[in-house]
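Undergrad: What follows is the residue order along each chain.
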Amino acid sequence: MQENIKYNISSENSSKINQWLSKFPDDQKKPAIIYALHLIQKENKYIKSEHVDAVANFLGLKKIDVYEVASFYSMFETEHVGKHTISVCTNVSCMLNGSDEILQYIENKLKIKVGESSEKYFLKDERECLAACCGAPMMQVDHKYYENLTKEKIDLILEGLENEK
Amino acid sequence: MKIKINNIECTFSKGETLIQVADRNGIHIPRFCYHEKLSIAANCRMCLVEQVGVNKPQPACSTPAVENQEYLTQSNLAVNSQKNTMEFLLINHPLDCPVCDQGGMCELQDQALMHGRVKSRYEQEKRVVLDHYIGPLIKTNMTRCIHCTRCVRYGEEIAGIKEFGAVGRGESMEIRTYLTSAIDSPMSGNMIDICPVGALNAAPSHMRGRTWELEEVKYISPHDCVGSNMNLHILDNSIFRVVPHENKKINETWISDRDRFSYEAIEHKDRVKKPIAKINGRHIEVEWEQAFEIIKNKMADIDPGSTAGFISAGSTVEEQYLFQKWLRENNIFNIDHRVSQSNFDYEEDDIFPKIDIPIKDIENCKSILLIDSNVTYEQPILSHKIRKAFLKEAKINSIHTYSYKNNFNLNNSLLINPNNFSETLIDIIEYLSVITVNDKTLKKFTIPETIKNKFKGLTNTNIIEITNDLLLKNSIIFLGSNLKNHPDFQLLKILTNIISIYTKSNTCYLGEKSNEAGAWLTGCLPKRREGFALAKHQGFNAKESIQRKLDSYIIYNLDLIDFYYYSELKKSLENSKFVLGFQSFVTEEEKTLYDVILPLATTFESPGTFINIEKEWQSFAQGCMPHYDSKEGWKILTKLRLESGSQLSNSLDYIDILNEVDHIIRNTESIEPTKIENYKINEIKSNSYLTRTGGNYCYFSDNITRRSISLNTVNKNKNLVYVNKKTLVENNIDLEKNKVILKQGDKSLLVKLLVDENVSDNCIYISNSNREHFELGKQYQPIVIENV
Amino acid sequence: MKNKLSINELCYSTLSSDKPNSFDTYVSQGGYETWKKIIKEMPDRKEIINAVIESGLRGRGGAGFSTGRKWSFINQDSDAIKYLVCNADESEPGTCKDRDILRYNPHALLEGMLIASYAIGAETAYCYLRGEFIDDVYKSVKDALKDAYENKLIGKNILKTNVSIDIHDLIGAGAYIVGEETAMLESIEGKKGFPRYKPPFPAVKGLFGSPTIINNVETLASIPKIISKGPGWFSSFGTKDSAGFKCFSVSGHVNNPGNFEIPLGTPFKTLLELAGGVKDGKKLKAVIPGGSSVPVVPGDIMLNTDMDYESIVNAGSLLGSGAVIIMDEDTNMVEVIHRIARFYYSESCGQCTPCREGTGWMFKVIDKILKGNGTLDDLKTLESIPSMISGSTICALGDAAAMPVESFIKHYRSEFLQYIKNQKVDPIDTNNFAKISDKEFVLNRK
Ligand SMILES: Cc1cc2nc3c(=O)[nH]c(=O)nc-3n(C[C@H](O)[C@H](O)[C@H](O)COP(=O)(O)O)c2cc1C
Ligand code: SF4
Ligand code: FES
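Chains as they are written, first to last, in our numbering: chain A, 1 to 165; chain B, 1 to 788; chain C, 1 to 446.
None of these hints come from the bench; they were simulated from the model. Errors might be hidden in some of the hints.
Said to hold, decoys possible - Quick list of the computed label-pair ranges, beta carbon to beta carbon:
| no. | chain 1 | residue 1 | chain 2 | residue 2 | range |
| --- | --- | --- | --- | --- | --- |
| 1 | B | THR211 | C | LYS421 | 48 to 56 Å |
| 2 | C | GLY209 | B | GLU36 | 19 to 27 Å |
| 3 | C | ASP44 | B | HIS28 | 46 to 54 Å |
| 4 | B | LEU472 | C | ILE81 | 24 to 32 Å |
To be verified - Which residues of chain C face chain A? A few of them, derived with a C-beta cut under 8 Å, are:
| no. | residue |
| --- | --- |
| 5 | GLU90 |
| 6 | GLY174 |
| 7 | ILE340 |
Beta carbons: idealized from backbone N, C-alpha and C, even for Gly.
Next comes chain A alone, as it looks inside the complex (with noise of 0.2 Å):
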């Protein structure tokens, strides 16, 4: 039966995709999953089910196969998305050197609650320590570390956000 797919990978992310399988055994093509996931998200901000059929399909897999992936990996989002993901580290360094005030600090800022997602931003609500506990508090905009926030510093940090075209 023909399937109809939606979404069409990109031949950049394509040939991404298989330099990419190249890593490993060549009956292997599940290892090129969480890869396409994080490509495909990148495009489109979170992954949406025709993404997922779209990857099953390029890779000759199982769409529950590429779904299971999607929904165990954290850093994966399936329900739509601001253009940034902010993820304040809020685990036991962090806690420690007063990560939860600015978390607040940040939802009272942006006016969203931790989880939720602004048609800019979105707040991860991030479980994980994100490996920087010695420049406490810390957290991640779109990937990128800053470390040892202060309220000034957030500031800054949002400030060149707002500004960016």
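With chain A fixed as given, assemble chains B and C with the ligands onto it according to the hints.
TA: Frame of chain A, contents of chains B and C with the ligands only:
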């Protein structure tokens, strides 16, 4: 090698796990995720036991036995660990046993009684999981799921189609399909059985009865040609559900969905409830005596030479035997069961459905060739065996007109036009005769010139590879039942046989119905009597009987669409003087063609015997009493024999009939064809036409499955037609529109179209899943496609 | 960049330079010499493995198993394909040592991976980074790989010999559990990070079914110098059973948090001093000495403990990944364990029962207590759960979740009881904190 479990000395072989050793020695270890047919997951942690000298409990299902070690399954450590796991499993379990289908046969319930704490200490909110629709066969109740992943592994490993997955992580992990896709595997129902709790339930019987109210009757599949063993669970003289009955030689612990859910048909509106007779042009219900009276009078009237009797290959051995006996006693010799066959050339040489090796040995074959068989959907149990061979790295090849979806991968897949079947097999034979010239042990065949001109030369590498694979030791060729409709069917059987002789391969001719072998052996044939004895009075075969427009017809347990010559048959019936039916079901329209219809009990409601392709006789008891006013076939036929004055022994018990048949035909040998000199190829009319392909849809294959509501709602796409893009373009079909008109002969049909590259060029694939498809015509015939 | 005292001898040796992560810096410090020598002399694999055994190097990923012994489990005589996997999933809360190696000394890791691959007979090695490193950390590793490939130190026929070793960078997508070695193998194979049950161990059946060795970043980055300077040099540092150096990430309530690579056996006091002492001159209340999954140790005990495997065990905890989390006297221990329990609850993979159900249960009970709704029965239940999980799960995440809860209650029971009494704990004076027995408590509650 030896270990001690609970101080009992047990021997084991290398690689065995503790649970295997314990099971063999009758030592009970609780388990949820472990299942002997599935890979080890070791995720439920219910089977923890103590290894003496080790302070951590060990999971018995995944821990290999180690020489001279001692293990305890009842020590404090073991029992506490099991208790703990039980408590964890129950904290998020709804404990709604009173309303759960599984109640009374639930592994969780049983083990909670043995290993659980009395009172729950968990007070927090329990996890609630939303249920998603996964099709008409399985009703989920995922809040009860204990995440043992048996169902997921079953899909991946046994069914070969991974549909369930464990989605998400941690406590919120859910077992589900992708989005809301319905389960498609033809063996999905087995997940209901292997689920240790009530998370997966049989939808038709969901919440309609409790386990302890049921009575169990062993039964044999009325649909597949391997004779899967199953148990009917009976509630108030109705079938409540069907589950597998373990038979190591045949179906192991599985059954197909078709076997599990087809029983729903028993209550279908088409059911013939009382005898029906046409009186003064009107069909009315009559009493049995009256019906017999009419039959008696008519039978005295009719010309036996101008009467034909057809019986289903899905009826029991006893019925088939009595049917032909009754007819022959009344000098009616036009008897046949091969109603779906199109061509009867050389029928003396016929080979009946069989398999050369035990079914359980298929998995050890090194090479398997499928000739136009949609085996995964039509014979799921055989497909499971092929899948096992595939997992043991057998080479599996297929020659077909449609790239069927299989639960194994193909080594070589050769998509051909149905016109080219014979020539493809001839190519194989020619290649074989070249490469085996030096093998003196082989009998040589010369292909007659008439056929040989079909030979294309040895250019097709696919053919060469397929043939080379067949030369591997331990190979088998499956000839699909679809080909019965093919004009070259007889020749294809012969050619397949020649290939098997050259390659020393085994063969298997797949039957369409549960008891095709039985129909052959009991003499439901025009030229042979029971036990293959040549008949003194030779009758007409099905095709001749239909085309000769006889005076009267007797049709036993068949829908008219079961006939290849369906439309001709309808005309013949209309013009005949007397039509008698023995039917469990009849449609309103077909009813008008009969003069008398006797209400026949379904095989569920009758004892009986089926003979599978392995020639294994399997008898079963009566599942439930016949519904309505229907009666068992063996009783009706015996009564009719008595009425027509046959001399029968005093006793008229079912068992006596079985013994009689058994005595006469048990040791029948099949006949082997040898000569091919006279064969000619029957071309499918003209090449300028497109050809219709596509055989029986597995849930529309006989009068029972056609009436099983749940099965027939499984596949939403079954009523589409499939054509590849090239063919569509060449026929100027507008690809934007999704509807087309099909024309066969003087019939036409508006259908939904699906572009599908699995169809071979110049073919239209239609699965026979709908009465309209039968009305349009049959497969392997010319067909025209047009824009709307 | 934090450039601490001259203590950073091994994995952080490039920190003293301006461009710590450049190929040239590494080479100028004698980098890749060991590898070139191995390629030239082609010593027997066993020689290298023996040297690593002799050095006493123990895995720095958390379990502390002898690295050389682990390598020796690979069947040297078999022709099977073998793999090396570098575990760069660093995600144990409190740990950030590997990130600095990846950012500032990636070549040491690559050289270590080459030597390890050679020693175990692997021609393919993977370096699996946690997904959150996808930006600059990943770039640093990719750049380093590019340089090493360009200099023909990695790849086919390295330096024209018939030794071929490829190293591939891989990236995860956010899951703590993938740090567990078999979950990592699953993740590399493109599946969910579900740990595998053992046996079979990865050294027998690992990645794609082939024998595989998995080592932590720090472990592998230590290898080049151990080989070049000799196992004796390495074992001359540290103690008898804890040889050599270890990177400690000191975080929490300290003035000068950071990574310090010091000889094992260094007194905790010294390490605390290196980190500038407890923040704002407060008193030390408690220390988690090896990442959030090890038992917490009261401050006074820590102050008399040395930072090596045995001493920490004697203090009632584990050295783990070397993440030292310092808590001052004002710390609310119920809040801390609440946070830790939440972490394990959301990171449990869900595969096996005790961990999937137990982590949630523990968190929910702690949450109830923290919100002031707890009862004494809750505390009793909470106390019993860890031992129900420990030792019965497929991987060690179960234990990792259980140990902290167990130890927090053990040492700071009174704070839980305070919550149960519906009063927020008064954290100023924990030492004089009245030891309320369960009995009295019941009386108080009427
Ligand atoms: C839940 C869990 C998480 C782990 N996370 C990490 C990790 O982030 N980084 C790491 O190197 N090892 C981690 N480990 C340890 C690894 O399983 C493994 O022991 C280690 O990579 C082996 O390397 P080593 O011998 O060099 O220490 C973790 C173990 C467990 C049980
Ligand atoms: S649905 Fe049943 S078989 Fe599947 S994981 Fe849940 S409990 Fe196990
Ligand atoms: S039966 Fe052993 S862990 Fe499930």
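Undergrad: Decide, hint by hint, whether the structure agrees.
TA: Do the hints match the structure? See the list:
Distance hint check for THR211(B) and LYS421(C): the Cβ-Cβ separation is about 50 Å, which falls inside the suggested range of 48 to 56 Å. Between GLY209(C) and GLU36(B), the C-beta spacing of about 22 Å keeps the proposed range 19 to 27 Å intact. The hint said 46 to 54 Å for the Cβ distance between ASP44(C) and HIS28(B), and at roughly 52 Å that hint holds. For LEU472(B) and ILE81(C), the Cβ-Cβ distance of about 27 Å falls inside the hinted range of 24 to 32 Å, so the restraint holds.
Among the interface hints, the one on GLU90(C) holds; its C-beta lies about 5 Å from the nearest C-beta in chain A, closer than the 8 Å criterion. The interface hint given for GLY174(C) holds, since its Cβ lies 4 Å from the closest Cβ of chain A, which is under the 8 Å cut-off. Taking 8 Å as the C-beta cut-off, the interface hint given for ILE340(C) holds, the closest approach to chain A being about 6 Å.
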